[in-house]
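Protein sequence lines correspond, in order, to chains U and C.
Residue 368 is where the first sequence ends in the working numbering, and the numbering goes up by one at each step.
Residue 632 is where the second sequence ends in the working numbering, and the numbering goes up by one at each step.
Do not take every clue at face value.
[Stated by the list, open to error] In silico negatives: residues of chain C with every beta carbon more than 10 Å from chain U:
1. Asp423
2. Ser430
3. Val463
4. Tyr464
5. Glu500
6. Arg501
7. Arg507
8. Gly526
9. Arg539
10. His542
11. Gln555
12. Asp558
13. Phe560
14. Leu605
15. Val606
16. Lys627
[As the list claims (entries may be wrong)] Label-pair restraints from in silico Cβ distances:
17. Thr307(U) <-> Ile618(C): 51 to 59 Å
18. Leu59(U) <-> Asp582(C): 16 to 24 Å
19. Val73(U) <-> Lys398(C): 56 to 64 Å
20. Val73(U) <-> Asp582(C): 33 to 41 Å
21. Val38(U) <-> Ala603(C): 56 to 64 Å
22. Lys425(C) <-> Thr204(U): 30 to 38 Å
23. Gly588(C) <-> Gly27(U): 26 to 34 Å
24. Thr307(U) <-> Gly446(C): 19 to 27 Å
25. Val597(C) <-> Ala200(U): 39 to 47 Å
26. Gly27(U) <-> Ala620(C): 49 to 57 Å
[Said to hold, decoys possible] Derived, one-sided and incomplete: chain C residues facing chain U with beta-carbon distance under 7 Å:
27. Cys519
28. Ala556
29. Ser561
30. Asn564
31. Gly588
These are computed hints drawn from the structure, not numbers from a lab.
Every residue, glycine too, gets a C-beta built ideally from N, C-alpha and C.
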Amino acid sequence: MNDENLPETTGGDRTPVGVDEPIANPGLEPHLWRPTDVDPKAEKRAERQVAGLFLLAILGAILFLVSYVVFQVGENPDTLGNLGASNVALGVCLAVTLLAMGTGIIQWARKLMGDHEIVEMRHSAASSQEDREATVGILKTGLEESGLGRRPLVRNTLLAAGGVLGILPIIMLRDLGPLPGDKLDHTIWDMNTWTPEEQAWWKTQHRTLQRVVRDVVGTPILASELEVGDLVNAEPEIVFATTPNGQPVVEGTDLLVAKSKAAVILSRMDPQDIVSEQTKNWSVDGIVCYSKICTHVGCPISLNERTTHHLLCPCHQSTFDLTDSGKVLFGPAARPLPQLDITVDDEGYLVARHDFDEPVGPSFWERG
Amino acid sequence: MLLGLLLTGGLYAAFSPAQAQSDNSAAQIKQGRELFLVGCAFCHGNNGQGVKTLDGKQLGPSLVGVGAAAVDFQVGTGRMPAVQPGAQIPQKEVVYTPEEIAALSAYVASLGPGPAIPNPEDYSLAGMSEEERQAAIARGGQIFLTNCTACHNFEGSGGAMPRGGYAPKIRGVHAKYIFEAMLTGPQAMDNFSNGNLSVEEKRDIIAYLQSIQDNPGYGGFGLGGIGPVSEGLFAWLVGIGSLVGVAIWIAAHTARTSKTKAEA
Numbered sequence: 001m002n003d004e005n006l007p008e009t010t011g012g013d014r015t016p017v018g019v020d021e022p023i024a025n026p027g028l029e030p031h032l033w034r035p036t037d038v039d040p041k042a043e044k045r046a047e048r049q050v051a052g053l054f055l056l057a058i059l060g061a062i063l064f065l066v067s068y069v070v071f072q073v074g075e076n077p078d079t080l081g082n083l084g085a086s087n088v089a090l091g092v093c094l095a096v097t098l099l100a101m102g103t104g105i106i107q108w109a110r111k112l113m114g115d116h117e118i119v120e121m122r123h124s125a126a127s128s129q130e131d132r133e134a135t136v137g138i139l140k141t142g143l144e145e146s147g148l149g150r151r152p153l154v155r156n157t158l159l160a161a162g163g164v165l166g167i168l169p170i171i172m173l174r175d176l177g178p179l180p181g182d183k184l185d186h187t188i189w190d191m192n193t194w195t196p197e198e199q200a201w202w203k204t205q206h207r208t209l210q211r212v213v214r215d216v217v218g219t220p221i222l223a224s225e226l227e228v229g230d231l232v233n234a235e236p237e238i239v240f241a242t243t244p245n246g247q248p249v250v251e252g253t254d255l256l257v258a259k260s261k262a263a264v265i266l267s268r269m270d271p272q273d274i275v276s277e278q279t280k281n282w283s284v285d286g287i288v289c290y291s292k293i294c295t296h297v298g299c300p301i302s303l304n305e306r307t308t309h310h311l312l313c314p315c316h317q318s319t320f321d322l323t324d325s326g327k328v329l330f331g332p333a334a335r336p337l338p339q340l341d342i343t344v345d346d347e348g349y350l351v352a353r354h355d356f357d358e359p360v361g362p363s364f365w366e367r368g
Numbered sequence: 369m370l371l372g373l374l375l376t377g378g379l380y381a382a383f384s385p386a387q388a389q390s391d392n393s394a395a396q397i398k399q400g401r402e403l404f405l406v407g408c409a410f411c412h413g414n415n416g417q418g419v420k421t422l423d424g425k426q427l428g429p430s431l432v433g434v435g436a437a438a439v440d441f442q443v444g445t446g447r448m449p450a451v452q453p454g455a456q457i458p459q460k461e462v463v464y465t466p467e468e469i470a471a472l473s474a475y476v477a478s479l480g481p482g483p484a485i486p487n488p489e490d491y492s493l494a495g496m497s498e499e500e501r502q503a504a505i506a507r508g509g510q511i512f513l514t515n516c517t518a519c520h521n522f523e524g525s526g527g528a529m530p531r532g533g534y535a536p537k538i539r540g541v542h543a544k545y546i547f548e549a550m551l552t553g554p555q556a557m558d559n560f561s562n563g564n565l566s567v568e569e570k571r572d573i574i575a576y577l578q579s580i581q582d583n584p585g586y587g588g589f590g591l592g593g594i595g596p597v598s599e600g601l602f603a604w605l606v607g608i609g610s611l612v613g614v615a616i617w618i619a620a621h622t623a624r625t626s627k628t629k630a631e632a
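Whole structure, please, built from the sequences with the hints as guidance.
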């Protein structure tokens with residue numbers, strides 16, 4: 001860095017000397033006074049205004065107390081357009097008090113408080129040369145006395161200790177895991193992923209395919225009982241299964257995870273409305289079954305219009321066509337809604353033939 | 369109030385539609401057909417077969433197989449006869465008398481098999497013990513949150529639907545009409561037929577909706593009851609927005625004068 005082009009400075013304050021300013025310094029604008037500064041009457045008036053506002057604030061506070069006592073605070077108010085006299089009175093009084101105080105303070109500051117214009121000159125932000133030299137000196141002395149340069153053994157072991165300490169949190173990050181593996185790729189509709197307890201329960205059922213059951217109540221659904229236009233929010237039957245002694249087979253966090261991934265909706269439509277071959281093949285008499293989890297960010301979707309068979313996500317308005325393999329018609333979702341391949345069992349109940357053939361819900365890193 | 373509702377519902381049902389429906393007399397169907405030809409046939413066709421406009425759009429849908437429940441709902445809540453076709457037929461004042469509605473229902477029911485008007489014991493909570501009622505409310509709440517809130521909001525305040533439609537507010541609606549709406553799926557709404565949600569499950573939903581109505585309100589603006597989003601939007605946009613506006617207004621008004629002090 002070369003200083004020769006910079007203006008000559010005097011010592012530490014770096015104020016240029018002897019340089020003609022290209023534009024004459026206009027100096028400060030003449031000070032304009034406020035009416036309250038030049039007119040004693042205006043000053044008196046402003047004083048009264050401010051005091052008046054503060055008195056209004058006192059009045060508001062007193063009225064607040066009065067209305068607190070007078071009006072009944074109660075359920076289902078029927079006065080003042082169902083807003084409630086108590087609510088309105090308390091609110092208005094408190095608002096008047098706070099507003100009057102605030103206005104009074106601003107009025108006071110703008111009209112009556114001192115009106116000096118203050119100029120604070122800029123100055124160099126750096127410390128003085130002596131201070132800087134002293135600081136460097138202290139650092140150098142410290143370095144010498146600690147012998148950091150002369151004792152490489154101490155220095156290197158200290159660095160090693162710091163490095164090892166840094167590894168600890170990295171090791172502990174492992175506890176955030178285990179890595180999800182292929183868990184995102186399948187849901188509890190896939191019986192191959194069941195735990196031994198779940199499989200033991202399934203052996204007692206003597207059936208081959210898992211039923212689609214109504215959410216909340218867990219009852220199986222007869223295909224013949226659904227009418228055209230019906231919409232059913234459903235789950236796999238395993239999430240409602242109980243052991244002979246009444247214990248749920250899937251419970252706790254596992255249950256919540258299973259339900260949130262496996263939730264489906266069933267919609268019965270006129271079979272002639274179905275457009276795509278896949279939707280037709282995976283349906284039963286016009287009953288189609290789709291994942292209830294939006295492929296955008298995973299909101300549960302069940303805003304269905306029976307007239308158009310469009311399923312709308314309430315979060316970001318992604319719209320899916322239930323007649324055409326869940327194709328995205330509108331909105332930010334990038335993938336069609338996964339369809340579940342369903343059929344009926346011997347007793348006429350709706351069952352899933354297999355798990356979804358693609359991961360449900362939003363896209364994730366490994367999915368590409 | 370609940371008792372009053374039930375009593376009115378019970379009396380109403382005992383006297384007119386359900387009873388009339390079971391009579392199903394030829395005279396009633398005849399009266400219904402006469403009313404139909406005057407008030408409904410323009411859009412739904414002389415035989416309720418539906419009418420298509422010249423450009424292929426549906427003016428009024430076919431009423432074959434919609435059942436008496438659909439007529440009782442649509443006409444009983446004033447949605448039909450409609451003023452004009454559109455994105456959504458709004459609720460308005462009821463045009464027909466209960467006898468005329470019963471006759472229209474009987475006529476449309478005679479066009480093809482469809483859901484009948486529900487019996488009061490299907491939707492009425494009368495005769496339930498307090499304990500049973502609480503259990504029904506708890507179950508009904510779960511069923512409601514799973515099946516209904518997506519469109520009708522978690523307190524039944526309704527919400528917007530695509531292309532100008534909306535899911536109406538369903539608080540304060542008579543239990544019979546809520547039951548019929550689930551049974552028949554009016555307009556763009558899905559069906560919740562008895563094979564979808566059982567009669568008891570529908571009654572549980574009604575119990576839940578009535579319990580919402582019994583919740584105390586404390587006044588003030590509800591802002592649609594759609595939760596913290598609308599309230600936060602209001603606070604941020606209207607509340608803080610007006611504060612910013614006032615601050616700008618204060619700063620934009622000078623307190624200066626061109627007069628100078630007498631001694632200056």
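Hints versus structure:
1. Asp423: Correct as stated: the minimum Cβ-Cβ distance to chain U is 18 Å, above 10 Å.
2. Ser430: Given that every Cβ of chain U is farther than 10 Å from that of Ser430(C), nearest at about 12 Å, it holds.
3. Val463: Val463(C) clear of chain U: closest Cβ-Cβ about 24 Å, beyond 10 Å.
4. Tyr464: 25 Å, holds
5. Glu500: 16 Å, holds
6. Arg501: Given that every Cβ of chain U is farther than 10 Å from that of Arg501(C), nearest at about 18 Å, it holds.
7. Arg507: 8 Å, violated
8. Gly526: 12 Å, holds
9. Arg539: Per Cβ check, Arg539(C) is outside 10 Å of chain U; nearest 13 Å; holds.
10. His542: Given a closest Cβ separation of 20 Å, the condition holds.
11. Gln555: Check fails; 8 Å does not lie beyond 10 Å.
12. Asp558: Violated: least Cβ distance 3 Å, not greater than 10 Å.
13. Phe560: 7 Å, violated
14. Leu605: 19 Å, holds
15. Val606: 14 Å, holds
16. Lys627: 5 Å, violated
17. Thr307(U) <-> Ile618(C): 51 to 59 Å: 54 Å, holds
18. Leu59(U) <-> Asp582(C): 16 to 24 Å: 40 Å Cβ-Cβ, so the 16 to 24 Å window is violated.
19. Val73(U) <-> Lys398(C): 56 to 64 Å: 59 Å, holds
20. Val73(U) <-> Asp582(C): 33 to 41 Å: 19 Å, violated
21. Val38(U) <-> Ala603(C): 56 to 64 Å: Hint violated: Cβ distance 43 Å, outside 56 to 64 Å.
22. Lys425(C) <-> Thr204(U): 30 to 38 Å: Violated: the Cβ-Cβ distance is about 55 Å, outside 30 to 38 Å.
23. Gly588(C) <-> Gly27(U): 26 to 34 Å: Between Gly588(C) and Gly27(U), where Cβ atoms are some 57 Å apart, the hint is violated.
24. Thr307(U) <-> Gly446(C): 19 to 27 Å: About 21 Å separates the Cβ atoms of Thr307(U) and Gly446(C), which means 19 to 27 Å holds.
25. Val597(C) <-> Ala200(U): 39 to 47 Å: Cβ of Val597(C) to Cβ of Ala200(U): about 45 Å, so the range 39 to 47 Å holds.
26. Gly27(U) <-> Ala620(C): 49 to 57 Å: 26 Å, violated
27. Cys519: For Cys519(C), the interface hint holds, since the closest Cβ of chain U sits about 5 Å away, which is under 7 Å.
28. Ala556: 4 Å, holds
29. Ser561: Where the cut-off is 7 Å and the nearest Cβ of chain U is about 4 Å from Ser561(C), the hint holds.
30. Asn564: 5 Å, holds
31. Gly588: Status holds, d = 6 Å.
Consistency note: the structure conflicts with the earlier hints numbered 7, 11, 12, 13, 16, 18, 20, 21, 22, 23 and 26.
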